Amino acid sequence: MSSPLRIFVPVKRVVDYAVKVRVNATKTDVDRNVKHSMNPFDEIAVEEAVRIKEKSPKTEVVAISCGTAKSQETLRTALAMGADRAVHVEVKDDSTLQPLAVAKLLKAIAEKEAEKPDLFILGKQAIDDDASQTGQMLAGLLNWPQTTFASKVELNDKELKVVREIDGGLETIATKLPAIITTDLRLNEPRYASLPNIMKAKKKPLVKFTPEDLGVDISPRLETLKVEEPSKRVGGRKVESVDELVDKLRNEAKVL
Amino acid sequence: MFFTATSRIALQARATLAQRFYATGAGANTLLYVEHKDGAISGATLNALTAANKLGGSISALVAGDAPESVVQQVAKLNGVSKVLTAKDAAYTNALPEDIAPLLVAAQKQFGFTHLFTGHTASGKNIFPRAAALLDVAAVSDIVGIEGEDTFVRPIYAGNAIATVKSNDNVKVVTVRGTAFEAAGTKDDSAAEEAAPAADKPALTQWISEEIQKSDRPDLNTAKRVISGGRGMKNGENFKMLYDLADKLGAAVGASRAAVDAGFVDNSLQVGQTGKIIAPELYIAVGISGAIQHLAGMKDSKTIVAINKDADAPIFQVADYGLVDDLFKAIPELTEKVN
Numbered sequence: 011m012s013s014p015l016r017i018f019v020p021v022k023r024v025v026d027y028a029v030k031v032r033v034n035a036t037k038t039d040v041d042r043n044v045k046h047s048m049n050p051f052d053e054i055a056v057e058e059a060v061r062i063k064e065k066s067p068k069t070e071v072v073a074i075s076c077g078t079a080k081s082q083e084t085l086r087t088a089l090a091m092g093a094d095r096a097v098h099v100e101v102k103d104d105s106t107l108q109p110l111a112v113a114k115l116l117k118a119i120a121e122k123e124a125e126k127p128d129l130f131i132l133g134k135q136a137i138d139d140d141a142s143q144t145g146q147m148l149a150g151l152l153n154w155p156q157t158t159f160a161s162k163v164e165l166n167d168k169e170l171k172v173v174r175e176i177d178g179g180l181e182t183i184a185t186k187l188p189a190i191i192t193t194d195l196r197l198n199e200p201r202y203a204s205l206p207n208i209m210k211a212k213k214k215p216l217v218k219f220t221p222e223d224l225g226v227d228i229s230p231r232l233e234t235l236k237v238e239e240p241s242k243r244v245g246g247r248k249v250e251s252v253d254e255l256v257d258k259l260r261n262e263a264k265v266l
Numbered sequence: 146m147f148f149t150a151t152s153r154i155a156l157q158a159r160a161t162l163a164q165r166f167y168a169t170g171a172g173a174n175t176l177l178y179v180e181h182k183d184g185a186i187s188g189a190t191l192n193a194l195t196a197a198n199k200l201g202g203s204i205s206a207l208v209a210g211d212a213p214e215s216v217v218q219q220v221a222k223l224n225g226v227s228k229v230l231t232a233k234d235a236a237y238t239n240a241l242p243e244d245i246a247p248l249l250v251a252a253q254k255q256f257g258f259t260h261l262f263t264g265h266t267a268s269g270k271n272i273f274p275r276a277a278a279l280l281d282v283a284a285v286s287d288i289v290g291i292e293g294e295d296t297f298v299r300p301i302y303a304g305n306a307i308a309t310v311k312s313n314d315n316v317k318v319v320t321v322r323g324t325a326f327e328a329a330g331t332k333d334d335s336a337a338e339e340a341a342p343a344a345d346k347p348a349l350t351q352w353i354s355e356e357i358q359k360s361d362r363p364d365l366n367t368a369k370r371v372i373s374g375g376r377g378m379k380n381g382e383n384f385k386m387l388y389d390l391a392d393k394l395g396a397a398v399g400a401s402r403a404a405v406d407a408g409f410v411d412n413s414l415q416v417g418q419t420g421k422i423i424a425p426e427l428y429i430a431v432g433i434s435g436a437i438q439h440l441a442g443m444k445d446s447k448t449i450v451a452i453n454k455d456a457d458a459p460i461f462q463v464a465d466y467g468l469v470d471d472l473f474k475a476i477p478e479l480t481e482k483v484n
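Chains U and V, in that order, are what the protein sequence lines are.
Mapping of the first sequence onto my numbering: position 254 corresponds to residue 264, and the numbering continues sequentially without gaps.
Mapping of the second sequence onto my numbering: position 163 corresponds to residue 308, and the numbering continues sequentially without gaps.
Bound-form chain V, shown alone (with noise of 0.2 Å):
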């Protein structure tokens, strides 16, 4: 009995000493969490990715679902994947906090990772804090760049100021702003497989339902070009005139807070601190004024274009190109002059 308590401690010290070793020595080791639905990779998370890669290191990758097979084999090529981690559960489906938070965990215990990265998603917000208090470490939420091992940039009140924070934790658990990166691409070769380790699964919630906004545009978060529009659409049916500009343009379509708040369109769309946070080529925002929540969701768009009847609005600050007229006139005439 005493030897076995014994050689227990001295393995728990040598597992220390590992993680010290790989956060101060030898590069990070790197553990992606791979969000995916219907068979695809989100896209976020090849953003993620490449910010990884931005630290050197090995990167392992985890896909946890109930058919990860495609997902995957895709996962294996992607530049910079050295090993992937696949947890093939039915729990895992539909990526509840409460039990891939402890899916990380014990990865990270196994492995001695030194960071654990994704998506700044819906999905990365609800697990990786909740993975980040279970490893009693802070999390780093919504990177923009990465200056060391430890030393991230992120925004804060709303895109107005920039931090550069350093971690003192030895796990640094960090969620990626996609457009701070770009999407990494695959390689030829194939990383190995891996079971993930085993993990308690409390199932403490139950995944009822999902109604998802079915659109053929492009998805909003890696369009090229958006078409947002705010109070000034006066309704929801007024919206057609942006999907029509939208289809002519291949454009997807997004939103201020004011137009999802007066129903004219759904929530998802919303553009803004609290909604999507998009970088396209060409952002044209029509009858929305410009609020700081607002532009901090859209201001490091490459070309920005403003289309209101108030000259005075803040969004012709921000704005390439700014255009003082009657939205109602100026888009379809627009529309007939994009071709």
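Okay, chain U solo, but in the shape it has when bound (with noise of 0.2 Å):
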């Protein structure tokens, strides 16, 4: 047997994927105060390096969020669903706080820890920026392997084989860890966090950064110039009749 594997998961704390968002009347970014909760496809992930935990159980699983104050309720969520424990980065605004600031600061934490992570899980986006670039950013810095979109993932000792959803179907990777995997939705259904692990939870242990503590320089590579609804469609007719359909689609849209 070799050594425990080192997991590390970083979540980001979004608005709610049933929200729906509207912008603020300064048009410079959306209105944020609504319910937020963890990035969904961050949820696949923590679920993931949970499920190879409990193969094989000396595995660590470490939760890392990068933003304000309010990011560790994020981090306790991992927590409750099975991470060990977690590492807040904290920054005081972070609606600024870009992808490669993010991999920055992820590729930072795992030079500070005494014992090197053997791979990390991210969500293939944050549903909120929607920019699908921070793992392999940080599979970049870090010149490690990248295997993103991954809808099944193999583990055999430090062997990993993941399957990718790409356009037109699916592709088998193989590497060695150290690696980098992003999360797809088909990867994995997230449970829940039962009663008792969220009041297990909060006995964790969570330890806090700032940026300058890990010599990482956040500032926005770039700058949002604005902020706008998109045009609405007029929808909403409805028709009788499928005679009516055909009817209306051949001679009032002319696409038939």
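Some hints could be false.
[To be verified] Mimicking BS3-like on lysine-lysine, the simulated pairs with C-alpha atoms at most 30 Å apart in a straight line are:
(1) K242/U - K311/V
(2) K236/U - K447/V
(3) K482/V - K258/U
(4) K171/U - K182/V
(5) K242/U - K454/V
(6) K379/V - K248/U
(7) K30/U - K454/V
(8) K311/V - K258/U
(9) K311/V - K37/U
(10) K474/V - K264/U
(11) K311/V - K30/U
(12) K233/V - K258/U
(13) K80/U - K213/U
(14) K212/U - K122/U
(15) K45/U - K311/V
(16) K182/V - K186/U
(17) K171/U - K233/V
(18) K248/U - K474/V
(19) K379/V - K258/U
(20) K65/U - K30/U
(21) K199/V - K447/V
Simulated from the structure, these hints should not be mistaken for laboratory data.
Just so we're clear, the structure is a prediction, and the values are computed from it rather than from any experiment.
Join the two chains into one complex using the hints; note that each chain is given alone, in its own frame.
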């Protein structure tokens, strides 16, 4: 048996997926005074790490979040799902925290740890900025292999095999740890945290850093000039029958 | 020794100056990464080229792979391409980002590219952020508009807000939403061909296999007509009704996440925030309620039709034509009547 695995799982606190976001009055951002929760792809990442731990119990799962003080709620959720400890990189305002900066913070945390991680599992994208960049950037900075958009992960000792979702189908990639995985929706069904586990999570260790502690410059490279509502569709017209539908498509919309 | 060191510094300084010059004065100097498979250029690359053409300046196209000759000839004739860089090496066959990203970086360093463009596809998304990190610059994902050499428009929050962002980096690494730009056409003359610079091929990963869904129907990304089924289809067999209608209309078939998760159809058919983002002339949503995440993938379609028995389904708020009816009755009838 080889040495136990150490898996780092970055999680992001985002506007809940079911919230219909609205652009704020100054057109600089969306209104953030709404329900937040863990980015859905990150829940899948935590679940996958915890499943690996369930197979090889010596595995350590470390949840990491970069954001305001409220990110600690997201970290507690990850701990309640089964992560062992948490790292919080606190910033005052996370609205300008961008993927390159997060990737650098994650790399710095990996390097600060006494024992290096074997695996990072991240979500494939955050549902707020929809960037889909952080995992790939982190892999580039660390010069590690990346297996993105994973729908199946097989780990045998330090050998990793990942089935990836690509345009038109699936692709299988093999590599060795250390490596980066980013999760697609199909990878697993995340568990709900039970009440006893939520209580236990409050006692699990959570350490805090600032970007300055880690020596990382997080100033944004992209400046948001404005944020607008998308153009509205004028939908809502109903037809009474298939005949009327065919007639409208043929003679009004002229798409048949 | 002293002199060598000094001249090297001088050369580096000159390279930096050249980059700044491109970025501010002489227009863009763009590298288009060409995605290709089985001898065909990806449609998304053609859309990304149109976006690159909007920047002005010059465009070089990079073709990497083990046998790209026919692809190189096609690329050389594309509108706006002034040079084709080729990297013929078996290491590039499967577009593994660990090998392609250093190639992009080497090309950027040699030619002082100010912009790197490609399609926002599974492949583009995989490679470009890695290359951006190696260059220590931001990546700009999934742009739908270009307002200047450094200013881009992109949807956020599943398309529920549109952000205009300005990049302050000297190299802009950009992936382009295919449906937001026309496909680039061809020209009569051919651009010159040149070997791409050599780059590290760390071979950190090994490509094992792929499983591509074969279909005679048009490609979902580029089809002019799309028919999608959701949870209301009840099972995979019932999708045959949609295939029959699709075949009659020459349409592609898509699906909502609910239909994919329930195992009715393959993942690659998913339309939405995390699946394909499409904008056909006609989109017919069948038994799809219209969750935010699904709308993100289809609301730029020209004409949207919804067929659903729930009159309150949110899909009706975006549909140009809505039919409140049982799909098991309406679809066969529609298939019969669209002749």
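Structure-based check of all given hints:
no.	hint	result
1	K242/U - K311/V	25 Å, holds
2	K236/U - K447/V	26 Å, holds
3	K482/V - K258/U	13 Å, holds
4	K171/U - K182/V	23 Å, holds
5	K242/U - K454/V	24 Å, holds
6	K379/V - K248/U	24 Å, holds
7	K30/U - K454/V	24 Å, holds
8	K311/V - K258/U	43 Å, violated
9	K311/V - K37/U	15 Å, holds
10	K474/V - K264/U	24 Å, holds
11	K311/V - K30/U	26 Å, holds
12	K233/V - K258/U	52 Å, violated
13	K80/U - K213/U	17 Å, holds
14	K212/U - K122/U	24 Å, holds
15	K45/U - K311/V	29 Å, holds
16	K182/V - K186/U	27 Å, holds
17	K171/U - K233/V	27 Å, holds
18	K248/U - K474/V	17 Å, holds
19	K379/V - K258/U	28 Å, holds
20	K65/U - K30/U	39 Å, violated
21	K199/V - K447/V	23 Å, holds
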